[in-house]
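Visitor: All chains, full assembly: derive it from the sequences and hints.
Going line by line, the protein sequences match chains A, B and C.
Take 1 as the starting number for the first sequence in the numbering used here and just add one per residue.
Take 1 as the starting number for the second sequence in the numbering used here and just add one per residue.
Take 1 as the starting number for the third sequence in the numbering used here and just add one per residue.
You may find that some hints are simply not true.
[Stated by the list, open to error] Using 20 Å as the maximum straight-line C-alpha spacing, the simulated EDC-like pairs for lysine to aspartate or glutamate come out as follows:
| # | chain 1 | residue 1 | chain 2 | residue 2 |
| --- | --- | --- | --- | --- |
| 1 | A | K124 | B | D21 |
| 2 | C | K236 | B | E370 |
| 3 | C | K236 | B | D371 |
No lab work stands behind these hints, which were simulated from the structure alone.
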Amino acid sequence: MLWYIVRRLLQGIPVFFGSTFIIFSMVFLTPGNPVLRMFGDRTPAPEQVAALEEKFHLNEPFLTRYFLYLGDILQGNLGTTYAGQSVNEILARTFPTTLRLALLAVIIQLVIGVLVGLISGLRKGGIFDNVSLLVTLLIISMPVFVLAFVAQWIFGIQLGWFRPTVGAGAPWSDLILPAIVLAGLNMAYVVRLTRASVIETSQNDFVRMAYGKGLSRGRVIPVHILRNSMIPVTTNLAADFGILIVGATVTEGIFNVPGVGNELFKAINRGDTPEIVSIVTILVIVYVLVNIAIDVLYGVLDPRIRYVK
Amino acid sequence: MSALEPLLSVEDLQVAFKTQDGFVPAVRGVSFDVYPGETIAIVGESGSGKSTTAHAIINLLPGSGRITGGKVLFEGRDLSQLKRGEMEAVRGKEIGLVPQDPMNSLNPVHRIGFQVEETIRANGLATSKRDVRKRAVEVLKEAGLADADQRLRQFPHEFSGGMRQRVLIGIGLSSHPKLVIADEPTSALDVTVQKKILDHLEHLTAERGTAVIFITHDLGLAAERAENLVVMHRGKIVESGPAREILQNPRHPYTKRLVSAAPSLASQRIQAAAATGAPIGSVEVEGEEPTLSLLTVAERAAEASVDAPPVIEFRDVTKVFKIRTGGPRSIPFTAVDKVSFQVPKGSTMALVGESGSGKSTAAKLLLRLEDITSGTIHVDGKDITELGKQELLALRRKMQPVFQDPYGSLDPLHNIGNTIAEPLNVHRVGDAKTRKARVLEVLDQVALPQTVLARYPNELSGGQRQRVAIARALALKPEIVVLDEAVSALDVLVQAQVLNLLAELQSELGLTYLFITHDLAVVRVIADHVSVMQQGKIVEQATVGEVFDNPKTAYTRELLAAIPGVDIPLGA
Amino acid sequence: MSSKNPVRTAPHYVAEVDEGGLGAVDAVRVSDRKSNLWLDAWRDLRGRWMFWVSAVIILFIVFVALFPGALTQVPPNDNCILSVKTQDQADALGVPIGTRISDHGPLPGHPLGFTKQGCDVFSRIVHGTGTSLSVGIIVTVLVAVMGIVIGAFAGYFGGWLDSFLMRLGDIFFAIPYILAAVVIMSLFLHDRNIWIISLAIGFFSWPSTARILRSEVLRVRNLDYVMASESIGLSKFRTMFMHVLPNSIAPVIIISTVGLAGAITAEATLSFLGVGLPNNIYMSWGNDISAAQTSLRTAPQTLIYPSIALSVTVLAFIMLGETVRDALDPKARATR
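Guide: As structure tokens, then:
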């Protein structure tokens, strides 16, 4: 098990270097002077340009610049926005809110998703199953911003159950609606994956043997069917997390949640490239770490993969 | 003992599976009795309904299956009418189950101990944590696993197939049930392991007076292990009664065919079917009298072929694989270890061994699908390890393979005509017209009608696919055919048919066969010479007659003793 | 024989020989219909209402994308007016001079009303179809080609090439493709077009396709018929093209159909975020939905109709993907 974790961490290293390198290259290999791009349509004075080129090490060779950028990230120095704000400060301010929102969304997605998927899978072809298939199909077809507007319009404006936008301090009660929207798409995937997995697991010989050796249904379902069905659901959490990051950007923007996603949303709208790159880099690093954590969890759930390969 | 009541009485059992076209019957009016302490075997080919019958008894039919009629009386109670909770109380405690596939019958994510202990708790054999653990250790010890304490902490994937089956037997018998259903408990295991496991099961059940329903496709095995047989075919019982009587005096035509086709019960090599005047093609004719026995004409003069020059010659052939472990290093594994043998022209050499013996690797080395580590292989006197591209192509033309899996040996997206023509196209033999003619010719040789040309593999049965694979192998008029477990996956009647076909083609075309198999019984009916392999080495090499009559090594004797039904004297 | 003592002598029962029961061993049933994977899949598809519904919707979408003029003569971008100023405009719209057209509801000839800029909602939706579909198709083709080439090479040739390509895939997979696209699009501020946005979306979404194809190739590569073809002398390349790829491609088709829906969503999302296609050159549903946000309370139709168009399009491709999956993958069919 220890060796498995070490191996996963080692595998994360090239991914970390590779992904940061790709983001870096995209930004600095794009045609046009990045300093000039900072000024948009205005024309800066030559000495201003020279000073900024010096500041951003633009005269250094490409690889040196990459390692300078990497060094900055590793030291926790994420640079400043066009407006001169420290990205570190922005993240420190916004990250806790996003974490709460994401936590709420993951809980909703897993609890409801697994439960609905389990019932659907056990009663394959029944009314509940067909309705859940239809509803999840509709949810999957709706881009997250459409889902957000629909929820905002129905529950926020028409029914008035929730505040359509999040108030100051982002209390938990205000986060429920955005969290449901954020959870929506992944929840639909979790329902479908759990359902398929439950059906497949139920057909296994070991489930038949579990009944054959005298276990009751109340034991076979959680211990042998659900437990094993969680393996593919866990594996898929990595992809879910990618959707969650993008979803958070849109949802936080629409519901005005003061989180990282909202900050990215605003930065995109302002065209603040340095801030976009910094936030994206951080999100990618978080994503890589979460992937490793999910892989380790997968190893805990499935003893086979700790040994083979 | 005169007032003996049956323990289980199956009366006119009907089972059907729900499909898109409505209910399809799988078991059609099956009745039999099981008395306390007796062993009864249900024998049949795949699709005969034998496993379905077994599962219906303990109400574990797959989702789409339903009992549509009849009764399953267990100690007077009709099991088919029980509520779910009542049935759960019967399973495990009253009727134990030993399942078919040991590889998939233990949950891979739970430790062995956990899975044994939950059985003990569910059947109320012990309640306190310590007692449950103590009982679990006992169960594994009874099942023949010595270091039970250690074993309880391991996961199923750390166990071999035989060990898993021992655990499952332990679980199935843990609450001393009155009846055990053993559903093909050893079909996935090597023969020597099979024998040990079945001996153990027999020992345990005899000691406790447990009745056993033993499901198997192997008539020899059934007769060896059970007093009474039930032979099933297409969902019905065709014949039942005392095992010995049925084997020696089968009365139903189907049973007769089964008995005569079972290689484990046959004694001698097949001679060309043509010699007996029974064309293979006759099996196509609906309703015709069966002509499928493994023809036991006088043993062919094996000496004749010894004089012929060797077509294939292995000299100290070694193959080492690097096995990647979970750790940072890889360890070398010698799959084939200094193997030497010769195959004379026109004869059959059988490479026999259990899984992991290196026999299939040897075949792949000959086919140049793997590179040899050291040693040489000569074909027709030429060292095949040093061939150029053109020479290799020429070699491939002379030597054709037929592989094991009838479902994997043909590309599902190519029709039969294209499949058979592929070698002709690759080697650019003749023009389109002659190729077409050749395809028809070989199709005829394997006794398949021309109508299959435009068909796809999934429309054919396993035996038919293997015949197509043989036809493809014959298309280039090869000298050598490498048969890698080519009949192992087939039902016994179809297997007999393909073996007859192979024998006939050999005598007609003068083919040389390298026949890879795990099944010594098949060797006797098809081969001239045998090389027994164990852990990469050849442990014994002789003519078939010598190996069977006078085995030299302990391992060969063990293999021979493990052939099911080998000691059963057959009637006329 | 069993070591147990027989408890009884069972009666020897022999069934009657029934007519249909025996017959020949392994006779070829030639009357059956032809069948292979693709024929079976097509038969399966034909019998599903979901397939026909999605097919009809998709054909309609393609028609609208190719011939937007067949549905509306109103230009999507020109002649937009915030309020009615001239008599001509008043006559054309049938409302008095001075009426605010911005966010106005339906008027004759303008069935879905007007946007904030006073453009015809229906016309913008019709003209936006082509954008969505083009991006969807370009991305899908790009991803499929990259995924197939990389996955096939990695799976079939194995060794260091496999390790290298798969690590590369891990790296690209580590960057959620929409985030990558956001970065790329924010760099191309002035020259955004359909090709750039398609590349931005597609360039980071090939690893899933490559992984699926690779594992499928690994499975097929070890099947007996591949070994058989190699051992009759077929070269590695020809074996790959004739036997391995055709038998591995089904999952790629499934994932590509669903991926087309994903690409359309991605384009709309990028446009919604403001890093999509420029609003003055391309009609894009995402742009329109984004622009309509502020009118959610006052004029929900400006937001709802493009949202419906987007969702129905995505739904159609997802439904097609699901039915194709059921038809091609027997395992998926078993879980139906």
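Visitor: Evaluate each hint against the coordinates.
Guide: A quick look at each hint next to the structure:
no.: 1; hint: A/K124 x B/D21; in the structure: holds (19 Å)
no.: 2; hint: C/K236 x B/E370; in the structure: holds (14 Å)
no.: 3; hint: C/K236 x B/D371; in the structure: holds (15 Å)
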